[in-house]
Amino acid sequence: MIVLLLFGLAVAIGLAQDEFVAKLRAESTHVKRWGGVVLLVVGAWTITISIWAKYFSQFFPV
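Everything in the sequence shown is counted per our numbering, starting at 476 for the first residue and increasing by one.
Hints are computed from structural coordinates only; laboratory data are not their basis.
Computed Cβ-Cβ distance ranges for the label pairs, DEER-style: (1) T523 with A491: 31 to 39 Å; (2) S525 with A497: 34 to 42 Å; (3) A491 with P536: 36 to 44 Å; (4) F535 with V486: 40 to 48 Å; (5) F495 with F531: 31 to 39 Å; (6) G483 with W509: 29 to 37 Å; (7) V512 with F535: 22 to 30 Å; (8) I488 with V513: 22 to 30 Å.
The beta carbon of each residue, even a glycine, is placed where N, CA and C say it ideally should be.
Can you make the complete structure from the sequences, with help from the hints?
Rendered as structure tokens:
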């Protein structure tokens, strides 16, 4: 029974993946825009940590 459930799950994920990829291709501009936003936020966080390194080292000891 477990083998049948795993096989069914693999098929369901495969079918859902095709629909998901098709949706991503249709909305590629949104994906690129949000990817850029995420990169900007991560970059700003990295710069912020580097500027106030002493302050952040108190909260995040290494």
